[in-house]
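One line per chain: the protein sequences are A and B, in this order.
In this text, residue positions in the first sequence follow my numbering: the first is 76, and each later residue adds one.
In this text, residue positions in the second sequence follow my numbering: the first is 76, and each later residue adds one.
Please note: incorrect hints may appear among the correct ones.
Chain copies aren't distinguished; within one or between two, either way the pair holds.
[To be verified] With a straight-line Cα cutoff of 16 Å, these simulated EDC-like cross-link-like pairs (lysine to aspartate or glutamate) come out:
no.: 1; residue 1: Lys387; residue 2: Glu84
no.: 2; residue 1: Lys282; residue 2: Glu229
no.: 3; residue 1: Lys387; residue 2: Glu100
no.: 4; residue 1: Lys91; residue 2: Glu391
no.: 5; residue 1: Lys494; residue 2: Glu482
no.: 6; residue 1: Lys394; residue 2: Glu100
Hint data in this document are derived by calculation from the structure and do not stem from the laboratory.
There are 2 protein chains.
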Amino acid sequence: MAPRPLDYECINENVKKVAYAVRGELYLRASELQKEGKKIIFTNVGNPQALGQRPLTFPRQVMALCQAPMLMDDPNVSILFPADVIARAKHYLAMTTGGLGAYSDSRGLPGIRKEVAEFIERRDGYPSDPDLIFLTDGASKGVMQILNTIIRDEKDGILVPVPQYPLYSAAISLFGGTLVPYYLDESANWGLDVGDLRKSVLEARYKGITVRAMVIINPGNPTGQCLSRDNIKELLEFCYAENLVLLADEVYQQNIYQDERPFVSAKKVLMDMGLPFSKELQLVSYHTVSKGYWGECGQRGGYFEMTNIPPKTVDEIYKVASISLSPNVPGQIFLGLMVNPPKPADISYQRFVAESKAILESLRRRAHLMTDGFNNCRNVICNFTEGAMYSFPQIKLPPKAIAAAKEAGKAPDVFYCLKLLEATGMSTVPGSGFGQKEGVFHLRTTILPPEEEMPEIMNVFKIFNDDFMAKYENYSWSRL
Amino acid sequence: MAPRPLDYECINENVKKVAYAVRGELYLRASELQKEGKKIIFTNVGNPQALGQRPLTFPRQVMALCQAPMLMDDPNVSILFPADVIARAKHYLAMTTGGLGAYSDSRGLPGIRKEVAEFIERRDGYPSDPDLIFLTDGASKGVMQILNTIIRDEKDGILVPVPQYPLYSAAISLFGGTLVPYYLDESANWGLDVGDLRKSVLEARYKGITVRAMVIINPGNPTGQCLSRDNIKELLEFCYAENLVLLADEVYQQNIYQDERPFVSAKKVLMDMGLPFSKELQLVSYHTVSKGYWGECGQRGGYFEMTNIPPKTVDEIYKVASISLSPNVPGQIFLGLMVNPPKPADISYQRFVAESKAILESLRRRAHLMTDGFNNCRNVICNFTEGAMYSFPQIKLPPKAIAAAKEAGKAPDVFYCLKLLEATGMSTVPGSGFGQKEGVFHLRTTILPPEEEMPEIMNVFKIFNDDFMAKYENYSWSRL
Numbered sequence: 076m077a078p079r080p081l082d083y084e085c086i087n088e089n090v091k092k093v094a095y096a097v098r099g100e101l102y103l104r105a106s107e108l109q110k111e112g113k114k115i116i117f118t119n120v121g122n123p124q125a126l127g128q129r130p131l132t133f134p135r136q137v138m139a140l141c142q143a144p145m146l147m148d149d150p151n152v153s154i155l156f157p158a159d160v161i162a163r164a165k166h167y168l169a170m171t172t173g174g175l176g177a178y179s180d181s182r183g184l185p186g187i188r189k190e191v192a193e194f195i196e197r198r199d200g201y202p203s204d205p206d207l208i209f210l211t212d213g214a215s216k217g218v219m220q221i222l223n224t225i226i227r228d229e230k231d232g233i234l235v236p237v238p239q240y241p242l243y244s245a246a247i248s249l250f251g252g253t254l255v256p257y258y259l260d261e262s263a264n265w266g267l268d269v270g271d272l273r274k275s276v277l278e279a280r281y282k283g284i285t286v287r288a289m290v291i292i293n294p295g296n297p298t299g300q301c302l303s304r305d306n307i308k309e310l311l312e313f314c315y316a317e318n319l320v321l322l323a324d325e326v327y328q329q330n331i332y333q334d335e336r337p338f339v340s341a342k343k344v345l346m347d348m349g350l351p352f353s354k355e356l357q358l359v360s361y362h363t364v365s366k367g368y369w370g371e372c373g374q375r376g377g378y379f380e381m382t383n384i385p386p387k388t389v390d391e392i393y394k395v396a397s398i399s400l401s402p403n404v405p406g407q408i409f410l411g412l413m414v415n416p417p418k419p420a421d422i423s424y425q426r427f428v429a430e431s432k433a434i435l436e437s438l439r440r441r442a443h444l445m446t447d448g449f450n451n452c453r454n455v456i457c458n459f460t461e462g463a464m465y466s467f468p469q470i471k472l473p474p475k476a477i478a479a480a481k482e483a484g485k486a487p488d489v490f491y492c493l494k495l496l497e498a499t500g501m502s503t504v505p506g507s508g509f510g511q512k513e514g515v516f517h518l519r520t521t522i523l524p525p526e527e528e529m530p531e532i533m534n535v536f537k538i539f540n541d542d543f544m545a546k547y548e549n550y551s552w553s554r555l
Numbered sequence: 076m077a078p079r080p081l082d083y084e085c086i087n088e089n090v091k092k093v094a095y096a097v098r099g100e101l102y103l104r105a106s107e108l109q110k111e112g113k114k115i116i117f118t119n120v121g122n123p124q125a126l127g128q129r130p131l132t133f134p135r136q137v138m139a140l141c142q143a144p145m146l147m148d149d150p151n152v153s154i155l156f157p158a159d160v161i162a163r164a165k166h167y168l169a170m171t172t173g174g175l176g177a178y179s180d181s182r183g184l185p186g187i188r189k190e191v192a193e194f195i196e197r198r199d200g201y202p203s204d205p206d207l208i209f210l211t212d213g214a215s216k217g218v219m220q221i222l223n224t225i226i227r228d229e230k231d232g233i234l235v236p237v238p239q240y241p242l243y244s245a246a247i248s249l250f251g252g253t254l255v256p257y258y259l260d261e262s263a264n265w266g267l268d269v270g271d272l273r274k275s276v277l278e279a280r281y282k283g284i285t286v287r288a289m290v291i292i293n294p295g296n297p298t299g300q301c302l303s304r305d306n307i308k309e310l311l312e313f314c315y316a317e318n319l320v321l322l323a324d325e326v327y328q329q330n331i332y333q334d335e336r337p338f339v340s341a342k343k344v345l346m347d348m349g350l351p352f353s354k355e356l357q358l359v360s361y362h363t364v365s366k367g368y369w370g371e372c373g374q375r376g377g378y379f380e381m382t383n384i385p386p387k388t389v390d391e392i393y394k395v396a397s398i399s400l401s402p403n404v405p406g407q408i409f410l411g412l413m414v415n416p417p418k419p420a421d422i423s424y425q426r427f428v429a430e431s432k433a434i435l436e437s438l439r440r441r442a443h444l445m446t447d448g449f450n451n452c453r454n455v456i457c458n459f460t461e462g463a464m465y466s467f468p469q470i471k472l473p474p475k476a477i478a479a480a481k482e483a484g485k486a487p488d489v490f491y492c493l494k495l496l497e498a499t500g501m502s503t504v505p506g507s508g509f510g511q512k513e514g515v516f517h518l519r520t521t522i523l524p525p526e527e528e529m530p531e532i533m534n535v536f537k538i539f540n541d542d543f544m545a546k547y548e549n550y551s552w553s554r555l
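With the rest of the complex left out, here is chain A (with noise of 0.2 Å):
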């Protein structure tokens, strides 16, 4: 039989070029054990509501309306559903041209749009135009779909950080264009340098590389640092220099656990940085509702928004965005939900806000927990997570361990990883599918396992660490 069409020799090649750790190897063996019967605490993705979290009760109440509207035409509604939920839930299938189940516009419902628009505004002061805001099924295929618009070829370069979230490394191998990585500074926790910035952008470009684009995550991920206002405008004056469109993955900007940095978005840096730069760079910025107190991932609902970006590329954009008709609909009203949440007078406030607020306390407390328990274990050192929902210790692997991996036809990472793995059940990432400095190692973790859990988990983290690495360290002492 000749090789077929979909055999593997005859597929795509960048189909093939691309990796995507956070359900790769590790994820794939904990599924294994899994279903041998092993309990796994799946840290591998930000997936809170898998690992415990409860949702916000008024965006569910809401959703459970919307999508049985024939409930509001029964007196006995009120028994089940508060008067506001019932409001609330007119009001977004007001927004519809018959329910959830009517194909949107393929940029999201207008009301919605609007809805975003107004949270833009009251968070940064500057207006923002409903027509440049397109919902997308999560930030992520919103990520794909402007860097597909930007990359031609291999010779398009994206500045992307590393460590990186690697729906960047994933999109551009697939669309064919190349990332040109630029160091996140572990020892300056995870601070970004635009020196550094800078000689990247030289390097790509001695290799024919044209740096078209440049990627930041703030809150980071997997690194959980937040940018300061002061970085942000240098790296925007970077950008304007070097004639770059920004990226700006702000999908954690409620996650927040310091008071000394508070999220600054992108683009109120970029408004108040003022001419030529407000009305020129071009800047493109993402958020959800699968992060934040929110945690929706399963709901994927998820905007961007455009700055400067003339409106013939937005015709473009609206196209391709036409070809898969609409995003989906009960996701957009979460966006809405999110954006507009209960207010003081309305009756599911207060619930609402004990509810988020927990949740967030909870987070920041959790992030504490974990980066204390990290740098209590025998070579692992961690910084604090600022911010997101990661944590990402360096693991100082012996040289026997490192050989060990050799001989297992592992990466020493992927090696520890899986002896974790094999040995807690923690499915965690190991630091090389995200990128990380020649001969340093990490792991990522998220800080979501319940709070109750979490002294357990980390003592018996610590306790494989531990051996683990007394058991390499012996070893190379025995060997002496």
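Knowing the structure of chain A, use the given hints to seat chain B on it.
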């Protein structure tokens, strides 16, 4: 200011090449007119609930409880929800880890994929493997993913029917492949002639194109024909002989309006053919919750099933699906409900059957009303809509109308459809958006307007059309 990366002249040329008429010039003009207060009948897209089709009660009730599981802790839940709805919501929630707010596996929830496989087995009488079924945010996303896997460069050709649903042409442009057209025969009720297929492949090969896949849409969009078992067998033999993957777009499989040619899946015909075909020919089949009597377009639920695709390629497709984490979970549950509807013993069964039967029977009557209506108009001929949701009448435009269109800088069918829109508010899609033979003109409209409005709509159409024809025929006479 130098051109910036997202200025029109700098973006990916493949993005610019994409054409997507379903939401093209006509749709944009209709949206403008609507903003100005004109009543528009949006028949440009198969969006039943936007035109008043009511959602089925049972699945919406189940979804409401899945979204708000806290209601099930309320002793009053049974006042609003029947017991089988409650049981079904628990059934689906038990398939998730953490409910609707958690990402699922990137292929979709294993429990739902199992229900889909069981549905396919019942339908076709052959085994189906849940691990070869991937759930997607609507069928379009799955079509795009498979085309992206197949297409390597512009030398790779995809056989696409003309007229076609423009998802295919758009996705092929976006991924940089080449569309190889094969013409459906309007005079043979849009039949597919294998001799023509062979000619298309030879012509493409002569131009240096390697044809790698073939698309069929059965029942047809926009053409409404249903393929016979013999016809499907012929084209499977053709695909085998030419070493093509077959993409079988079967999203309208529940929408059948005649009894001579019931729906038969390509998978079933392939399995019936036996060896070597059944073990070698590569097939990807699509289905959705957006069509049928469900019409849940806005929920974005779909799946594809792969046949004879080797595991290494399936792994690659899984990996790329992982980049966007997971399809939306509510849409997955709608798919589960569609393939596993209420059973005769269930409380909700009678109502479910009554609702779905009413929708299908009304669609069948509307298919007749519309075909007859078009055939009653001057210079219009129209094949009967055997299946799907569209009517695709041919409009024989007088030479003077063609000249007037040219003067207005419009394609003749665009000119006609714009006039129709301005005069009547009917938002249709010109045939050129789907492809048509040179010098032959069509429009596509859905058969979805409410049945009671259909006679008046066809009457208004007739008045417009016959006036239009009289004007441009008279004009021609007066000049002679």
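Evaluation of the provided hints:
Taking the shortest Cα distances, Lys387 and Glu84 sit within 16 Å of each other only across copies (10 Å), while inside one copy they are farther apart (39 Å). In the homo-oligomer, the alpha carbons of Lys282 and Glu229 lie at most 16 Å apart inside one protomer (11 Å), although the nearest pairing across protomers, at 26 Å, exceeds that limit. With identical chains, the CA atoms of Lys387 and Glu100 are at most 16 Å apart between copies only, with a shortest distance of 14 Å across copies and 42 Å within one. Taking the shortest alpha-carbon separations for Lys91 and Glu391, only the inter-copy value of 7 Å comes in at or below 16 Å, while the best intra-copy value is 28 Å.
In the homo-oligomer, the alpha carbons of Lys494 and Glu482 lie at most 16 Å apart inside one protomer (14 Å), although the nearest pairing across protomers, at 74 Å, exceeds that limit. In this assembly of identical chains, Lys394 and Glu100 lie within 16 Å of each other by CA distance solely across copies; the values are 11 Å between and 36 Å within a copy.
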